[in-house]
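Turn these sequences into a full structure, and let the hints steer you where they fit.
Numbering-wise (the numbering used here), the sequence shown opens with residue 1 and increments by one.
Hints are computed from structural coordinates only; laboratory data are not their basis.
Bear in mind that the values here come from a model prediction, so they are computed numbers and not experimental data.
Each hint should be verified, as a subset may be incorrect.
Quick list of the computed label-pair ranges, beta carbon to beta carbon [what the hints assert, rightly or not]:
no., residue 1, residue 2, range
1, Ser53, Pro90, 26 to 36 Å
2, Val138, Val26, 17 to 27 Å
3, Ala18, Gln74, 35 to 45 Å
4, Thr91, Lys47, 37 to 47 Å
5, Leu21, Glu119, 35 to 45 Å
6, Ala10, Leu44, 16 to 26 Å
Each residue gets a CB set at the ideal place from its N, CA and C atoms; glycine is no exception.
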Amino acid sequence: LQFLDQDHNAAAIASERAAKLYTLPVLASTINDYPDNFTRFWVLSLKPSPGGSHTSLAFSPPANIPGSLSKPLQVFASRGINLSRIESRPTKRLLGEYIFFIELESDLYAPLFKAALEEIIPDQEILKIFGSYTLITVDNSTVNS
1 LQFLDQDHNA AAIASERAAK LYTLPVLAST INDYPDNFTR FWVLSLKPSP
51 GGSHTSLAFS PPANIPGSLS KPLQVFASRG INLSRIESRP TKRLLGEYIF
101 FIELESDLYA PLFKAALEEI IPDQEILKIF GSYTLITVDN STVNS
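Structure follows, in structure tokens:
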């Protein structure tokens with residue numbers, strides 16, 4: 001955001017607080033298409049995450065074979081780790097190859113999570129852990145007011 005004031009051909013979706021912080025004009029507000037739609041923002045850091053209630057990661061099995069998605073999901077389920085989100089995206093290498101993004105209700109330092117990772121790592125071509133974080137709850141009655 002700090003460079004947007006120098007590039008008049010660029011725009012960003014951000015909070016009103018960010019616009020104030022960088023003294024940028026708000027071109028439009030309440031741009032959500034339905035009242036309960038929220039945009040998620042991540043805070044990136046070079047330092048490891050201190051942990052939190054949720055963890056995000058991505059994995060991709062080496063081949064498109066039956067069970068390549070169900071096995072890692074079962075590993076988490078057998079340890080009582082709930083998935084709050086799962087999304088697939090093409091790897092853009094070969095037709096039928098996907099990378100799976102998941103959000104888990106577990107801290108990345110929790111022993112059950114570590115054990116689950118140890119079990120699924122050998123079966124994955126790619127495994128990226130984005131970090132752990134605590135979700136911020138939003139009071140819907142104060143949104144857009």
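Now for the hints, and whether the structure bears them out:
Remark: the range hint 26 to 36 Å for Ser53 to Pro90 is upheld by a beta-carbon distance near 30 Å. A beta carbon spacing of about 19 Å between Val138 and Val26 agrees with the range 17 to 27 Å that was offered as a hint. Take Ala18 and Gln74: their Cβ atoms lie about 41 Å apart, and the range 35 to 45 Å holds. Hint check: Thr91 to Lys47, Cβ distance near 29 Å, so the stated range 37 to 47 Å is violated.
Distance hint for Leu21 and Glu119: a CB-CB separation of about 43 Å, consistent with the stated range 35 to 45 Å. Separated by about 19 Å at the C-beta atoms, Ala10 and Leu44 satisfy the suggested range of 16 to 26 Å.
Checked against the numbered hints given earlier, this structure breaks only hint 4.
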